[in-house]
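K.L.:
Residue strings, one per chain:
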Amino acid sequence: MNIILLLIPLSIALLALAVWAFFWAVNHAQFDDLDTPALSPLAEDRPPAAGSGR
Amino acid sequence: MNLHSPPLHPATQPGLAWYRVPEVWLIVVLLGATVIGSLSLVVTAVRRPDAHIAVPGDVRGRARFRRSRSSRHRCRRRPADAVVVARCFHCHEPVPAGVRLSARVGGGERPVCCIGCRAAAEWIDGLGLADYYRLRSEPAVPVEAAGAYEAWDRPQLARLHVRRLAHDRAEVVVLVEGLRCAACAWLIERALGAEPGVHEVGVNAAARRVVLAYDPERTQLSALLSALARLGYTPHPLTADAIDSLRQRETRDALKRLVVAGLGAMQAMMYAVALYAGVFDGIDPAVRDFFRWLGFLVATPVVLYSARPFFDGALREWRSRRLSMDTPVALAIGAIYLASLVETLRGGHEIYFDSVSMFVFFLLAGRMVEMRARHRAGDVVDALARLQPPLAERRGGEGFETVGVHELVPGDVVRVGAGAAIPADGVLAGPACRVDESLVSGESAARPRSPGEAVIAGSLVLDGPVEIRVERVGADTVLAGVVRLVTRAAGERPQLARLADARASRFVVRVLLLTVATATVWSLVDPARAFAAALAVLVVSCPCAFALAVPAALTRAVAVLAARGVLVVDADALEALATADRFVFDKTGTLAEPQFDLAASEVLRGSRDAAIAIAAALEQGSDHPLARAVRRAAGARALPPADELRHVGGAGVEGSIDGRRYRLGRAAFSLGDAAAGDDALVLSDADGVVARFALAEQPRSGAARLVQGLQQAGVVCEIVSGDAPARVEAMAARLGIEHWQAAAQPADKLARLGTLRAQGHRVAMVGDGVNDAPVLAGADVAVAIGEGAALAHAASGVLLPAERLDALLDARTIARQMLRTLRQNLNWALGYNLSVVPLAAFGLVPPWLAAIGMSASSVVVIVNSLRIGRAAPQPDAARRVVPVRTRERTA
Numbered sequence: 020m021n022i023i024l025l026l027i028p029l030s031i032a033l034l035a036l037a038v039w040a041f042f043w044a045v046n047h048a049q050f051d052d053l054d055t056p057a058l059s060p061l062a063e064d065r066p067p068a069a070g071s072g073r
Numbered sequence: 044m045n046l047h048s049p050p051l052h053p054a055t056q057p058g059l060a061w062y063r064v065p066e067v068w069l070i071v072v073l074l075g076a077t078v079i080g081s082l083s084l085v086v087t088a089v090r091r092p093d094a095h096i097a098v099p100g101d102v103r104g105r106a107r108f109r110r111s112r113s114s115r116h117r118c119r120r121r122p123a124d125a126v127v128v129a130r131c132f133h134c135h136e137p138v139p140a141g142v143r144l145s146a147r148v149g150g151g152e153r154p155v156c157c158i159g160c161r162a163a164a165e166w167i168d169g170l171g172l173a174d175y176y177r178l179r180s181e182p183a184v185p186v187e188a189a190g191a192y193e194a195w196d197r198p199q200l201a202r203l204h205v206r207r208l209a210h211d212r213a214e215v216v217v218l219v220e221g222l223r224c225a226a227c228a229w230l231i232e233r234a235l236g237a238e239p240g241v242h243e244v245g246v247n248a249a250a251r252r253v254v255l256a257y258d259p260e261r262t263q264l265s266a267l268l269s270a271l272a273r274l275g276y277t278p279h280p281l282t283a284d285a286i287d288s289l290r291q292r293e294t295r296d297a298l299k300r301l302v303v304a305g306l307g308a309m310q311a312m313m314y315a316v317a318l319y320a321g322v323f324d325g326i327d328p329a330v331r332d333f334f335r336w337l338g339f340l341v342a343t344p345v346v347l348y349s350a351r352p353f354f355d356g357a358l359r360e361w362r363s364r365r366l367s368m369d370t371p372v373a374l375a376i377g378a379i380y381l382a383s384l385v386e387t388l389r390g391g392h393e394i395y396f397d398s399v400s401m402f403v404f405f406l407l408a409g410r411m412v413e414m415r416a417r418h419r420a421g422d423v424v425d426a427l428a429r430l431q432p433p434l435a436e437r438r439g440g441e442g443f444e445t446v447g448v449h450e451l452v453p454g455d456v457v458r459v460g461a462g463a464a465i466p467a468d469g470v471l472a473g474p475a476c477r478v479d480e481s482l483v484s485g486e487s488a489a490r491p492r493s494p495g496e497a498v499i500a501g502s503l504v505l506d507g508p509v510e511i512r513v514e515r516v517g518a519d520t521v522l523a524g525v526v527r528l529v530t531r532a533a534g535e536r537p538q539l540a541r542l543a544d545a546r547a548s549r550f551v552v553r554v555l556l557l558t559v560a561t562a563t564v565w566s567l568v569d570p571a572r573a574f575a576a577a578l579a580v581l582v583v584s585c586p587c588a589f590a591l592a593v594p595a596a597l598t599r600a601v602a603v604l605a606a607r608g609v610l611v612v613d614a615d616a617l618e619a620l621a622t623a624d625r626f627v628f629d630k631t632g633t634l635a636e637p638q639f640d641l642a643a644s645e646v647l648r649g650s651r652d653a654a655i656a657i658a659a660a661l662e663q664g665s666d667h668p669l670a671r672a673v674r675r676a677a678g679a680r681a682l683p684p685a686d687e688l689r690h691v692g693g694a695g696v697e698g699s700i701d702g703r704r705y706r707l708g709r710a711a712f713s714l715g716d717a718a719a720g721d722d723a724l725v726l727s728d729a730d731g732v733v734a735r736f737a738l739a740e741q742p743r744s745g746a747a748r749l750v751q752g753l754q755q756a757g758v759v760c761e762i763v764s765g766d767a768p769a770r771v772e773a774m775a776a777r778l779g780i781e782h783w784q785a786a787a788q789p790a791d792k793l794a795r796l797g798t799l800r801a802q803g804h805r806v807a808m809v810g811d812g813v814n815d816a817p818v819l820a821g822a823d824v825a826v827a828i829g830e831g832a833a834l835a836h837a838a839s840g841v842l843l844p845a846e847r848l849d850a851l852l853d854a855r856t857i858a859r860q861m862l863r864t865l866r867q868n869l870n871w872a873l874g875y876n877l878s879v880v881p882l883a884a885f886g887l888v889p890p891w892l893a894a895i896g897m898s899a900s901s902v903v904v905i906v907n908s909l910r911i912g913r914a915a916p917q918p919d920a921a922r923r924v925v926p927v928r929t930r931e932r933t934a
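Note that the protein sequences, when read in sequence, are chains A and B. Quick note on our numbering: the first sequence kicks off at 20 and runs consecutively. Quick note on our numbering: the second sequence kicks off at 44 and runs consecutively.
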């Protein structure tokens, strides 16, 4: 059971990391618009070329 | 240290493993249910029901709102239509039969309806962005001729709207009209990103804002705005302070605080479960203290960071000597936290770090939900951006120059063209004219103005150009005053929430007094138990249930309605809607919409078909109800190509067909003869009247079902209309409405509402929002149809989708459910506290039970609120009527 002495501090460190990452994301506008970015993987990133329509 | 070493406290039921104790599992289940319940509520609120429908305060958004709701119906109609008319590849409007335009997109020829759409489609394809047509979920807005944007390059304007970050980097925030779905955002990002000199394009589809970062030395703001306009999106640059908008900061802060509280609460609960297990199974004091300090560690950021708004609010309330919800909440959080810290330090009985974290998390979740509803309601900045023209033509040394509106000073003389909006309050200096003040005053009839009379900013000049001497500008204008009123109303918390706050704060004050009393009495009787008992009282009496009772029910109702196309602008309106026993309807535009009566129309020259075709050609691309009626009347007739189309706001349209100039509108407009009184539409050319179209009315879709449904529910309906008695009576008879009043001016309508309210009725007024604004404001609850003017909508509490008037029935059902749930919530919170607090005060409630009780009371409130909308009729029930309505409409 002594493993909790290692695991609990580890979990708290991970928690702190998660909170920091979340703050970073919020401050970098990751949560401002939740709809538009969902489309980017559907779009093709090709430069202007003929016949990309269908 | 070993958790499972033989119990050191043989007294605590030796041999009984913690996992065999039912209470432990009860705790675990309840904690889980609490988290799931509150998360689902947050998800309901965060899911952005407004992403695909326009928000109030959006003039053109109204039209889109209606259209997007109707797209489903349109799909059903399409098979019949597709046989007859082709649809524009870009905007999906029917292509007028005479038009033979096509655009080369994706290597094929696609039919388009006008030159604007062709240019947009070919440009989009040329940029390699034809994917847009595949990705989009809503058709585009018909592209209008792009305006001139050069004036935006003026340094005076740029200073106000553009933020210079470096010598080669400037930022501007643009509100764009026509941004309908995420594909639009994608298109704008790609198309503008390809412009030279653009560093970065950020599009927020929900807020309909585009943030452009560009190099002012390589490109001009006007070039970027023109590019947006060419794509079919009308740009409105916002002032620079919109970049760090208050709202964005508020949302981000709330999100961060909520997540910290949520994560902290989860961790604290985990450690608490270990401690609870220790109570039953026995635990080494060293291990116990270790877990307590861990609880302290995770609860501290929750209390010090996440709960800051409550402490700040309490401080504000303290300074202004006023007691609201924040003070007791802050006191409770502070007391529980400090008490737990003291207990941890001296190794006392119980700690409550988990309870306090959870408490903060719940309260923040409730606030978040409330904030979302408030933000959705108050998009007033957008309304102002559209109402007041950003530019004005000022008389300078030589002729007129285009300047920004903020550059105007009292005494300037500005010129306003026909159909344009007046930029500032002033007096008419030029020729007599008529103005349309419907956006500001709600009066739809054109008002004649002679030189020397006052005109107000935001109203439209119907015949011009005229000259106006500016008297008041900017924040002093009547328009700005109206907007301030609306903003304040939107910023205020709903009445219901305020009442609940007051009730809760009275309750919490009593609890605090009781806590002090408990501590005092116990310290006399048995000082060792004083602290635990006082703490149990504080924890078990959950202001949380009170604090969540109203927002949870309100938000759930608002979200459910938004999903059905009904927009609740003002949460108080729901209460009034639920209790209203009189529904007063305006007729024209609300219950009925205009339709051509072909039998009664007279054609003086040429054939009837030709006259109708000309009229429809003139009205193509307009969203006015009359224009739609004209297009319906034309049906599948071939339309001649019309050009030089010019819409004169509120009056009519003119354009030329086959080289002849035609005007279509009321007689006053098309004949230039103000005396002609009847309301027929007159088509005229240079030689006089061509045709006179009589108008009839048909009930709007869903009107009959709405009236029937209301009457079945025992609600009395009546019509108060400005129209002629015979027509009002006919419509009333058709819909089965007994009470009606005709030829009523807005003042008469207000008087009628006043009489009804004086008789003790709760009155709901349903109007079309354009000419009913003052009347709407005089009712207990105002319901407007989702088309019309922004500020008129501001007077209303509920907005209905135009295609489905009967959605009001759903809205009423849900509002009643909401009210019932809300009462249940409040009664539950009260009943729970009344029964438990005395027990806690006598020291009969063990602390772990107090924690369970606190969580359970909140869970009950949240789960109860989530029931709203479950039993109500599904939207499918309403949709099933569609084919019938379609037939009615095209008949």
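These are computed hints drawn from the structure, not numbers from a lab. Quick reminder that beta carbons are idealized off the backbone N, C-alpha and C, glycines included. There may be inaccurate statements among the hints.
[What the hints assert, rightly or not] Under 8 Å between C-beta atoms, here's a sample of chain A residues computed to sit facing chain B:
1. L36
2. F41
3. D51
K.L.:
Indicate, hint by hint, whether the structure satisfies it.
P.N.:
Quick rundown of the hints versus the structure:
Taking 8 Å as the C-beta contact cut-off toward chain B, the hint placing L36 (chain A) at the interface is violated, the least distance being around 11 Å. Here the hint on F41 (chain A) is kept, as its CB sits about 5 Å from the closest CB of chain B, short of 8 Å. Nearest Cβ of chain B to the Cβ of D51 (chain A): about 6 Å, under the 8 Å cut. The hint holds.
The structure fails hint 1 only (numbered hints given earlier).
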